[in-house]
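Asks: Each residue of the sequence shown is one higher than the last, beginning at 144 in this note's numbering.
No lab work stands behind these hints, which were simulated from the structure alone. Glycine included, each C-beta is placed from N, C-alpha and C at the ideal position. Please note that a few of the clues may not be correct.
Claimed, not checked - Derived CB-CB ranges, DEER-like:
| id | residue 1 | residue 2 | range |
| --- | --- | --- | --- |
| 1 | 266 | 196 | 35 to 43 Å |
| 2 | 253 | 284 | 16 to 24 Å |
| 3 | 237 | 363 | 18 to 26 Å |
| 4 | 206 | 295 | 16 to 24 Å |
| 5 | 266 | 153 | 42 to 50 Å |
| 6 | 161 | 245 | 29 to 37 Å |
Unchecked claim - In silico lysine-lysine, DSSO-like type, Cα no more than 30 Å apart, as pairs:
| id | residue 1 | residue 2 |
| --- | --- | --- |
| 7 | 160 | 240 |
| 8 | 331 | 237 |
| 9 | 240 | 331 |
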Amino acid sequence: MSTTIYPVNGFDPAHLKGATVVIPALSLGNVPQLAADLLVTSLSLRRVAFVGLGDTVAPFAGRGEDGIATGGLELHGTPTGDLFVLLQRAPTLKARKDEHVFLISTLVADAGVSLVLASLDAAHQDDAQLLTPHQCILPPHHLPQPVLDRLAALPPLRITLDQPVSGYPPFLPGAGLTRRILAALADKPSGAIAAWVVEGDNRGDAHALARAVLRLLDIEAELREPASWAGLFGPEEWSGGTGLNAEIYG
């Protein structure tokens, strides 16, 4: 753990033992990342650690809403809490995918449960799934655990494509490293909630996924958008399909 996580503000990594860790996988439309943003803001979570050396993601540094420098891969939570959210602000380097997945699996080695957030290409959605925007992905055999039990109440994911592989985890169109992450966590208490999405303004999808996650966590909270979302479509206000940015956004 000492080479995986770099605590800040006096955080003790021992608090990860038995905790719930939410892991947004970089997927279509960045919906998992947006949902994680909503969770961090709405639950007033704070950065407790940097994860890794930053060598598995593209170089990134920014300025947070409270004026502190932000990095490409951070863990947010409460110093003595039992809920943590991983924030990934930079894409995974293609040559470092295996190392990135190993980094995540090491981070949550002692966690009570890992909940992966993923988004899937809605072009592969069948008619029945139009009524089930969120579906669950669980190992064939999982131990009883409150979050996973609530996750299991969601419709199980069904993919109608001819899959190049069978078994767990399933083939996941547009879901980035989700399958690799789930495979790495298969022997740990873990599962995923998947959202069917299309490219575009995905704020609504992110709100819906964040609300679904709160239900899985059995937490009541009003969703609040971070101030940084004012720049989701650049420095100007969203102009819909009539402005200069219509060719890009719609």
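Asks: Would you list, in rising numerical order, the hints stated earlier that this structure does not obey?
Replies: 3, 4 and 6
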